[in-house]
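Novice: As a plain string of letters, each chain reads:
There are 2 protein chains.
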Amino acid sequence: MNDLPSSDLLSISRGEYPADLILRNARLVNVFSGQIETTDIVIAQGKIAALGAGYTAAEEVDLQNAYVAPGLIDAHVHIESSLCLPPQFATAVVPRGITTVVADPHEIANVSGAQGVRFMAEASCDLPLRVELMAPSCVPATNMASSGATLTADDLATLLADGTVRGLAEVMNFPGVISGNGDVTAKIRAFAGTPIDGHAPAVRDKQLNAYVAAGVGSDHECFTPEEAQEKLSRGLYILIREATNAKNLDTLLPIITPANSRRICFCTDDRTPADLLTAGSVDDMIRRAIAFGIDPIEAIRMCTLNPSEWFNMHDRGAIAPGRVADLFIFDDLQIPAARQVYTAGKLVAQDGAIIDPVPNPLVPDTLKGTCKIKWSGVRLDVGLRKRHIRVIVHLANQLVTENKVMNATVRAGNIMADPQRDILKIAVIERHNETGRCGIGFIQGFGLQEGAIAGTVAHDHHNLITIGVDNVSILTAIKAVLSAGGGLAAANGQQILASLPLPVAGLMSDRPIAEVKKNYDQLLAAAKQLGSKLEDPFMAMSFMGLEVIPSLKITDRGLVDVNAFALTELFANG
Amino acid sequence: MNDLPSSDLLSISRGEYPADLILRNARLVNVFSGQIETTDIVIAQGKIAALGAGYTAAEEVDLQNAYVAPGLIDAHVHIESSLCLPPQFATAVVPRGITTVVADPHEIANVSGAQGVRFMAEASCDLPLRVELMAPSCVPATNMASSGATLTADDLATLLADGTVRGLAEVMNFPGVISGNGDVTAKIRAFAGTPIDGHAPAVRDKQLNAYVAAGVGSDHECFTPEEAQEKLSRGLYILIREATNAKNLDTLLPIITPANSRRICFCTDDRTPADLLTAGSVDDMIRRAIAFGIDPIEAIRMCTLNPSEWFNMHDRGAIAPGRVADLFIFDDLQIPAARQVYTAGKLVAQDGAIIDPVPNPLVPDTLKGTCKIKWSGVRLDVGLRKRHIRVIVHLANQLVTENKVMNATVRAGNIMADPQRDILKIAVIERHNETGRCGIGFIQGFGLQEGAIAGTVAHDHHNLITIGVDNVSILTAIKAVLSAGGGLAAANGQQILASLPLPVAGLMSDRPIAEVKKNYDQLLAAAKQLGSKLEDPFMAMSFMGLEVIPSLKITDRGLVDVNAFALTELFANG
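So the protein sequences, as listed, match chains C and D.
Under our numbering, the letters of the first sequence match residues 1 to 574, in that order.
Under our numbering, the letters of the second sequence match residues 1001 to 1574, in that order.
Because the hints were derived from the structure by calculation, they are not lab data.
None of these values were measured; they are calculated from a predicted model.
One or more of the hints may lead you astray.
[To be verified] Here are the computed lysine to any residue pairs in the SDA-like style, where the Cα-Cα straight-line distance is at most 25 Å:
{"no.": "1", "chain 1": "D", "residue 1": "1528", "chain 2": "D", "residue 2": "1400"}
{"no.": "2", "chain 1": "D", "residue 1": "1346", "chain 2": "C", "residue 2": "215"}
{"no.": "3", "chain 1": "D", "residue 1": "1533", "chain 2": "D", "residue 2": "1422"}
{"no.": "4", "chain 1": "C", "residue 1": "346", "chain 2": "D", "residue 2": "1518"}
[Claimed, not checked] Okay, the calculated bits of chain D under chain C, using three or more residues with CB under 8 Å as the criterion:
{"no.": "5", "stretch": "1027-1034"}
{"no.": "6", "stretch": "1178-1191"}
{"no.": "7", "stretch": "1252-1265"}
{"no.": "8", "stretch": "1466-1477"}
[Unchecked claim] Here are some chain C residues pointing at chain D (derived, C-beta under 8 Å):
{"no.": "9", "residue": "178"}
{"no.": "10", "residue": "207"}
{"no.": "11", "residue": "215"}
For every residue, glycine included, the Cβ atom is placed at its ideal position computed from N, Cα and C.
Whenever a hint applies, use it, and build me the whole structure from the sequences.
Specialist: See below:
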C-alpha cells in the first residue's frame, strides 16, 4: 500500500487504498438533497474521498451521530474591522465553524493600496481559515475624501490576473454604476465573468434596474423587507448582513421562503473583537434564523451551498467527493454550535478553541507608521459665519444618518459643542500624506458630556476622526492615537483614559484578539464614563466619515451631503 | 434622443430614453423569487433593460396578463439526432419556447472531428436559438469501435480556448473516469472550472464516489429514483432525460422536492423529427411535470435558472435587467404552451410557427460523401463454429440490452437469421476510412419477418449498421443508403421500400424538417410492413452499436461485452 501515488485520490474513493481519516456515524447535512443522511465520511489528502460504508482509514473517529455540515462561509467581511490581523481573526471565527470568509480588504487598501491587499493575502496563508479576497472596487470611495491610495481598474485587473482576488468587492459607488461612470464601468468590465458584489442602500425601481443591468450581482445593504424582495426579484443575491453596528437580520428573516432562499447568503461585514468572541460570526445568524422558524438545513445552506454558488467556489460549500474536507460538527440541529471544526481534513478547533494558533505575520515597515498629520492644518476652532449649521444626526445601530439644520451654540465668536443638546464637535484630519486637510462639523447622537474620542479607523479613507466636547480633550485623544502609530483613544482634558494601539496601517493590532478585546472594553468603559449612551461609539464614529452612506457625513474635505453626492457647507440658511 | 450611444443600455434602464419595446401587463414568472409578478418588461438592444412601470418605448405590446417566463433551456441534446441541420432543428424547437440548447455535437465529431464541431457552430450562427456547444469528450467513445476522427485533450482544449465550446460534454467513458485513465483525466483537467457533464449509467456507491471526485458535475443517465437520489446527494446535477428512445421522466419525477429541485434540469438528449414536431422539447417535460404535481414555477426553473447556473450562463435563465430578452409567453400556468417566443428581444415564433425561418447553411464538400465502404470486407455469411451464439436482446424503450446465449439456427453450414424466433442478423460496417472492418452478430427484439433496414446513424462511431432477415435485403438496404451519401433505408429483397438521404456526414438531411419527418414516417411504415413491432426500429438500431451502454453491443470490430468493457466472441459455450 505504500506504493500509492499521493495524487491518487480516486483509488481511495474506489475503496482500494485506506484513507487518511474516516468520521463514522455522521449525520451529514446534505445541502444538495436538503436531507440529513447517516453515513461515514471518508477523507484523504484534505478532501472528501467518499461517502458511505465499507471504507478503511489510518485514523477512525466515531462521531456518535453528531451532525456534520460543510464548513461555514461568511459571504462578506472586512477582516480589518476585527482590529486584528488575519491569524487572530481566524482564532475567533474558526472555532465557530467558519472555514471560509469572502473578505474585502478595502480598509487596508485605502491606506496602502495593492501592497495592503497583498499583505492581507500573505497574512492569510496557512491559516485554518480560507480567506478569499475580493478586489476593493472603491479606493478611494469617492473624490470627496482623501485616501492613502488609489486602485485603478488596471490595478484591480492585475490582482485578478495574479490570483490574489476572486471577484470585485462591493461596488459602493452606486451612483457611478447607475450613471455608467467610466471608471466604475471599467472596473466592472475588468471583472466580467467573476462575482461582482454590490452595495446599493435604498436603491430601488429604475435606479435598481440600471444598477443590476450594469452587471452587479449581489447586495448586502437592504434595510427593509420590501427593498430586499425587490432586489432579489431583480436578480441580486441578497447577502443578509448582521454587523456589530448595522443589523439587518431580524428585519430580513421574514423574506426568506423555500422558493427564494437559494438566492440568500449571510454575512457579518464588520464585527468588533467583542462581538466575534461573544456572539460569533454567521454561525450565530444560523442559530437565530432557525429560532425564527427557518428550516435548519435551509439556514445552513445560506452559509454553505449558496455562497459557494455565488462566488464560484465549487470546491467547497458541500460535503461531496472531491470537495475540500471543511467540516462544521455540532450536536443539536435546532441550535447548531460547533463542537469540532475541520479544515482540509484536519481537526483545527474543538469546544470553542483553536487547536494550533497561527502566529501573526511579520508586518513590513511600510505598513507601520502610516499615521502622520500636518499639524499646521489642524484648526479646531470654527468661527461663526451663520447662525444655522448642518448637523450630522447619528441614529443608533444605523450607518445612515440624518442631515438636520440646527441653531449653532456660539461662544466668543466660535461655534461650540453643546453637550446639553448632545451636539459635539467632529473632525476628520487627513493622515496619509500630511496634506493638512481637516474637515470640521458637528454631530448629534453620541452623548458625550465631556472629553473626546479619536481613532484612525474611519471608513473608508481611514483618516484620523475625532468627536469631542472641547478642543483640549480632542487634541489629547488625537495625540494618544498618533503616538501609538494609529489606533483608538479616549481622553478627558489632558488625560488619556484608554487607548488601543493599531500600528498596522492604523487599522489593526499586532496583539492577540483577546487582548485587543480587553483594551477595547476599556475604551468603551472610558467612553461611557464620558457620557456616551451608545453601545459602541468607536465603531459608530468610524462610519461617520463614510461618504457613500446617506445622509450627512464628514471627511477631511468637509461635510458631505450624500444624497446630493457632493461636499456641502457647514453653515446653512435657517 | 438620437444622440443616444447604442451601447448605453443603462440610460434606458434609468428611464431617460425610450426603449425598443415594452411588453405591458405581463405576468412574469420570477425564477428568483419563485413568484408571479405583474409588471411591464422593458427591452432594448436585445436585453432586458428594466422591469416595472413608467417606461416608454418605440413599440408597445399589451400582453393582457399572459405569462412570461425566461426562454427555455434544453440542458443536453444532440442536434444531429433530429436528422436535420441546426436551422431546421431550431424551426422545430423555438416555437415551443426553447431559446437555448446545450448541444453536444459528438455525432458529427465522430465522423468529422473538430471540423464537424466547427461546422455545427457556424451552422448555428444567426439562429433564433442559442446553441451552446460542449466539447465531445469521447471521440472515439472507446477503441472497440472505429470512428472517423479522434479528438484528443489538446484538440478539445483548442475548441475551448477559441470559444467554440463552453464545457466538456458527457464523459461517457465512465470506467476511464473512475480508474483515473490518463487520457480521460487529461480532458477533465483541461476543462477545470467549466461545466463537465457526465454519463454514468448505473454507477453507484464507491464507483460513484470516484466518478464525482474526478471532477464530473452532472449526469443524465439515471434509470431509477434511487440512483438519481444517490447521484444528486453526491453533488451531481441531475439532468432528467426524456429522449425518443430513452424515457426517464415518469420514473424520476417522484424524486423532485422543493429542497432538491435546484439541482435538477430537463433535457431531451436525442429526439426524432416526429417527436420534436408533435410532442415538442423540454416544454413538454414541463407540462408533464406540472401534471404530475410539481409546482409550475419550480418546473419552469428546471429549464431556466437551474441550467443557467450549472452551465455558467448567467446572461439568461431569468428575466432580469441586463440579461438577454429570451422569452417564453403562454396563457395557462398549469399547461404552459408557447403562444409567442422572443429571442434577444425579437418576436421569433408565434402560435407554433417560426416567423423568419433561417435557410440551411452551405455544407462543405468534406462533410458530404463521408460514407465509403470497402466491399471486399463485407462478409455477411457466418460460418458455423459452435452451436451457441451470443445474441443482443433489445429491450423496448431502452438503450441497455441483454446479453443472452442461444442456440444458433443453421442452414448449409451458416448461421441464419430466424424470424420465427425473432433472431435477426445485425452487421456494422466501417464507413469512414474504407478499412473493410465488418462486425456480424444476431439480435432479438426487432421483429422483422422479412427484408432489412440499414443506416449510417449508429451511435457514436456512426458506421453503417444494418439489421435484416436475409443477405439480399441487407445488401439492397446498404446500397440504398450509400447511394444517397448516407442515410436510412428499408428494403425487401432487391426492392428499396423507403429511404431518407442524410448526406451531411451521413447524419443529417439538408431538407426541411417537415420533409424529413415525412420521409421518416415512410421508413417507419416500411419497417412495420416488414414486421417490426417497435415504435422506431431505426432509432433503436442506431443505439445497438453504442459500446458504452450495457450489456451486449456490436461495432465494426465485433460484439462488445460492455460490462467487461471488451470485445467478445459471437460463439459461446452453451
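Novice: Taking the hints in turn, state whether each one holds.
Specialist: Do the hints match the structure? See the list:
Between residue 1528 of chain D and residue 1400 of chain D, the direct Cα distance comes to roughly 23 Å. Compliance with the 25 Å bound is thereby established for this hinted pair. Restraint check for residue 1346 of chain D and residue 215 of chain C: satisfied, since their Cα atoms lie roughly 22 Å apart, inside the 25 Å limit. Straight-line distance between C-alpha atoms of residue 1533 of chain D and residue 1422 of chain D comes to about 11 Å, which keeps the hinted pair within the 25 Å bound. Straight-line distance between C-alpha atoms of residue 346 of chain C and residue 1518 of chain D comes to about 64 Å, which puts the hinted pair past the 25 Å bound.
With 4 residues having a Cβ less than 8 Å from any Cβ of chain C, the stretch 1027-1034 of chain D passes the three-residue criterion, so the hint holds. Here's how the stretch 1178-1191 of chain D fares: 3 of its residues keep a CB closer than 8 Å to some CB of chain C, so the rule of at least three is met and the hint holds. A stretch counts as covered by a chain when three or more of its residues have a beta carbon under 8 Å from one of that chain; for the stretch 1252-1265 of chain D and chain C the count is 6, and the coverage holds. Proximity of the stretch 1466-1477 of chain D to chain C, defined as three or more residues with a beta carbon under 8 Å from a beta carbon of that chain, is not established by the 0 residues found.
Checking residue 178 of chain C against chain D: minimum C-beta separation of about 7 Å stays under 8 Å; hint holds. With 8 Å as the threshold, the beta carbon of residue 207 of chain C comes within range of chain D, its nearest partner Cβ sitting at about 7 Å, so the hint holds. Hint on residue 215 of chain C holds. Least Cβ distance to chain D is approximately 6 Å, under the 8 Å limit.
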